[in-house]
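A.B. asks: Chain by chain, the residues:
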Amino acid sequence: MHRILRKRVLGPNLVELEVEAPLVAAKAKPGQFLIVRLHEKGERIPLTLADWDAQAGTVTLVVQMIGKTTYQLGQEYHVGDAICDVVGPLGNPSEIRHFGTVVCVGGGVGIAPIFPIARALQEAGNHVIGVVGARTKDLLFWLDRMERVCHELYVTTDDGSFGRKGVVTEPLRDILSARRVDHIWAIGPAIMMKFAALTAQEFGVPITVSLNPIMVDGTGMCGACRVEVAGQTRFGCVDGPEFPGELVNWDLLLARLSAYKEEERCALEQYLAVKGSRL
Amino acid sequence: MIRPTQVPMREQDPKERIHNFEEVPFGYSPEEAIAEAERCLQCKRAPCIAGCPVQINIPKFIREIREGNFRAAITTIKETNNLPAICGRVCPQETQCQANCTLGKKYEPVAIGRLERFVADWEYANGVEIPVVSDPSGFRVAVVGSGPAGLTCAADLRRLGHEVTIFEALHEPGGVLMYGIPEFRLPKRIVRAEIENLLKMGVELRLNVVVGRTITIDELFHQGYHAVFVGSGAGLPKFLGIPGENLIGIYSANEFLTRVNLMRGYLFPQYDTPVKVGQVVAVVGGGNVAMDAARTALRLGAQRVVVIYRRTEAEMPARREEIHHAKEEGVEFQFLVNPVRFIGDQGKVAGVECIRMVLGEPDESGRRRPIPVPDSNFVVPADTVIVAIGNDPHPLVPRTTPGLQTTPRGTVVADEEGRTTREGVFAGGDIVTGAATVISAMGAGKRAARAIHEYLCARYGKKEG
Chain A
0 MHRILRKRVL GPNLVELEVE APLVAAKAKP GQFLIVRLHE KGERIPLTLA DWDAQAGTVT
60 LVVQMIGKTT YQLGQEYHVG DAICDVVGPL GNPSEIRHFG TVVCVGGGVG IAPIFPIARA
120 LQEAGNHVIG VVGARTKDLL FWLDRMERVC HELYVTTDDG SFGRKGVVTE PLRDILSARR
180 VDHIWAIGPA IMMKFAALTA QEFGVPITVS LNPIMVDGTG MCGACRVEVA GQTRFGCVDG
240 PEFPGELVNW DLLLARLSAY KEEERCALEQ YLAVKGSRL
Chain B
0 MIRPTQVPMR EQDPKERIHN FEEVPFGYSP EEAIAEAERC LQCKRAPCIA GCPVQINIPK
60 FIREIREGNF RAAITTIKET NNLPAICGRV CPQETQCQAN CTLGKKYEPV AIGRLERFVA
120 DWEYANGVEI PVVSDPSGFR VAVVGSGPAG LTCAADLRRL GHEVTIFEAL HEPGGVLMYG
180 IPEFRLPKRI VRAEIENLLK MGVELRLNVV VGRTITIDEL FHQGYHAVFV GSGAGLPKFL
240 GIPGENLIGI YSANEFLTRV NLMRGYLFPQ YDTPVKVGQV VAVVGGGNVA MDAARTALRL
300 GAQRVVVIYR RTEAEMPARR EEIHHAKEEG VEFQFLVNPV RFIGDQGKVA GVECIRMVLG
360 EPDESGRRRP IPVPDSNFVV PADTVIVAIG NDPHPLVPRT TPGLQTTPRG TVVADEEGRT
420 TREGVFAGGD IVTGAATVIS AMGAGKRAAR AIHEYLCARY GKKEG
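Chains A and B, in that order, are what the protein sequence lines are.
With numbering that gives the first Met the number 0 applied, the first sequence covers 0 to 278.
With numbering that gives the first Met the number 0 applied, the second sequence covers 0 to 464.
The reader is advised that the hints may include incorrect statements.
Stated by the list, open to error - BS3-like mimics (lysine-lysine), calculated; alpha carbons at most 27 Å apart, straight line:
no.	chain 1	residue 1	chain 2	residue 2
1	B	Lys77	B	Lys105
2	B	Lys14	B	Lys275
3	A	Lys40	B	Lys187
4	A	Lys260	B	Lys347
5	A	Lys260	B	Lys275
6	B	Lys275	B	Lys347
7	B	Lys347	B	Lys237
8	A	Lys136	A	Lys6
9	B	Lys275	A	Lys274
10	A	Lys40	B	Lys275
11	A	Lys28	A	Lys6
12	B	Lys105	B	Lys14
13	B	Lys237	B	Lys326
14	B	Lys77	B	Lys43
15	A	Lys28	A	Lys274
If you're looking for bench data, these hints aren't it; they were derived computationally from the structure.
Input sequences plus hints: build the corresponding full structure.
C.D. replies: Structure, rendered in structure tokens:
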């Protein structure tokens, strides 16, 4: 069992949790993810590592409440409560080395996993440019953390309520037009990563994205998480989650993400009908 | 006078059972078991034992059943087999012990598997005796994976007095016994009970630890383990490598069965993991896993389930009993047919384009090689496809263990006793052989346990605990 030690509401339907998981914290590296199962009847969901503290034996997760499980975690699990299973760290860590100038793009809840990557890149001596965005001001978070690890930080909101009005690919395009960039990381909704990859490709800059396919076991056994990269079937959980963005078949990823849309909707509706939305 | 045919085992009616996940056969009553045991010729030479991967003293336990000494019968089996309730259900006896049965030359062989199952179930009903554990040896052994190989290896090592910790990646122990084999063929309460017994013997179990990620083999040695057994089993599913294989509605058998068995997807939304089955399900493959997937799909409400297999029924690797059960339940079979591409409709699978095959010369497996018939393409309409053509070995331990040699297929190189190319590391089961049976993994776990014991005694001398 994994106790929740700290919980903070970051915005509407957006929570940050610090969870006891000493084995995971001891081994965690930027770019890796966890599988979480809340309770005996729960599903196994992948959550990207947002931060960790090896000494305290804790991991930090940022969760956007979008389906039944994330709603349940966000509004029913409080400090002192325990999560049934936390498994990890899973997936391959990000390739961290000295590239030169790098851009780290985080969209929506993707700001959380881009943070430790930006931090590691900064520690590796890179000039780190951060680009983060959300739909609206209330959904932005961790700007202070990002500021600490980025030499420059650009912020966007779709509605213009904070920072530049628009989406993250716009500042990305401006940066790429203005100067030499050696590598890009982009984490966020699949559609955002797709357009970040297209933008990077236009300028011929390599881009790493972190794919979020549906997973069941997450440990290299079931094959639910298959994605197509460079025309080959690859497995998100053991070959990824990071892949070269320019080689990803985005339309296939987007289609496969919708495979259980009806069931997800039905589960959430039933849940909300009983428990309501409390955040 | 010897009864020429086996005492039949009563089963759930096929029309009933396709609507539930309850076990199909009911098992023998004591009277039926004794009647079947009376068919055994008690051959001095006991060819059946040679057919058993764990060398159960078969004539002896059958004699004990015949005499009504069920406790003695189960004790005999447990001298060499820790998981009889499981083996009695899922072993391919017809190609092992029963294939060698002298009676089988003239009549039906003795139903050894059913008798094994009977005494194992009898023991559950009448109280399980936990095996005696030797005095502490002072040695610690890590077992990676809690499938049939790991469970067997752990039990044998524990009996010899070693301190054993099993590391399991998933949230429930049992490996393929839990996530792979469906409830109607192997009730999960049986797997749980076997694991309970192991814990009562003092084996430690650590769930949610992915060896190769959460901890490496090197780190296990640093933590003071004297030897490691790798039984990490099957890994990523194989796909056909044909166009359309990632369309929505195409599952690997691993994913489909894991959603149902481990995650209880058939109870969605009470359980949170959904599993989706359409009207017409095509299952590609001819092994036990394909039969499990086909029969599971029927139970989830599919109107029609079609198994697509590229050779004929005679070459199917599945057990006859499973094929028979599948047919009784209404599963259809298309033999000498191979998929060439999946047809999609708005991102979802709508059919499987297949080509007809004929059998040519035997290949390296000894089975006749299927050859495509030109211009014989046709479409099997299906809104769900389950690909059950096997798995690659699990990649994480080989990728993260320096000095552990693998074959080009990705299996760990190990000798008959499970010794790998790395000192102190032993391996067995699917990670060494590629996809095989529960009992062969158990046999490998058993041989490795013996080899680990010998290694520890030779390497460190006898320690006092």
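A.B. asks: Taking the hints in turn, state whether each one holds.
C.D. replies: The hints, checked one at a time:
1. With a CA separation close to 30 Å, the supplied pair lysine 77/B and lysine 105/B exceeds the 27 Å bound.
2. Of the pairs offered as hints, the one joining lysine 14/B and lysine 275/B holds, with about 22 Å between alpha carbons and a cut-off of 27 Å not exceeded.
3. For the hint pairing lysine 40/A with lysine 187/B, the CA-to-CA distance comes to about 16 Å; that is within 27 Å, so the pair holds.
4. Simply put, lysine 260/A and lysine 347/B have alpha-carbon atoms about 13 Å apart, close enough for the 27 Å limit, and the pair holds.
5. Between lysine 260/A and lysine 275/B the CA atoms are separated by roughly 11 Å; this keeps the pair inside 27 Å, and the hint holds.
6. Distance check on the hinted pair: lysine 275/B and lysine 347/B sit about 12 Å apart at the alpha-carbon level, within 27 Å; holds.
7. Of the pairs offered as hints, the one joining lysine 347/B and lysine 237/B holds, with about 20 Å between alpha carbons and a cut-off of 27 Å not exceeded.
8. Among the hinted pairs, lysine 136/A with lysine 6/A is consistent with the structure: their alpha-carbon atoms are about 21 Å apart, no more than 27 Å.
9. Annotation: proposed proximity of lysine 275/B to lysine 274/A holds, straight-line Cα distance about 25 Å (limit 27 Å).
10. Restraint check for lysine 40/A and lysine 275/B: the C-alpha separation of about 18 Å stays at or below 27 Å, so the hint holds.
11. Straight-line distance between C-alpha atoms of lysine 28/A and lysine 6/A comes to about 22 Å, which keeps the hinted pair within the 27 Å bound.
12. Of the supplied pair hints, the one linking lysine 105/B and lysine 14/B is violated, its CA atoms being roughly 34 Å apart against a limit of 27 Å.
13. This hinted pair checks out: lysine 237/B and lysine 326/B have alpha carbons roughly 26 Å apart, not beyond 27 Å.
14. Restraint check for lysine 77/B and lysine 43/B: satisfied, since their Cα atoms lie roughly 21 Å apart, inside the 27 Å limit.
15. Restraint check: the Cα-Cα separation between lysine 28/A and lysine 274/A comes to about 36 Å, which exceeds 27 Å; the hinted pair is violated.
The earlier numbered hints that this structure contradicts are 1, 12, 15.
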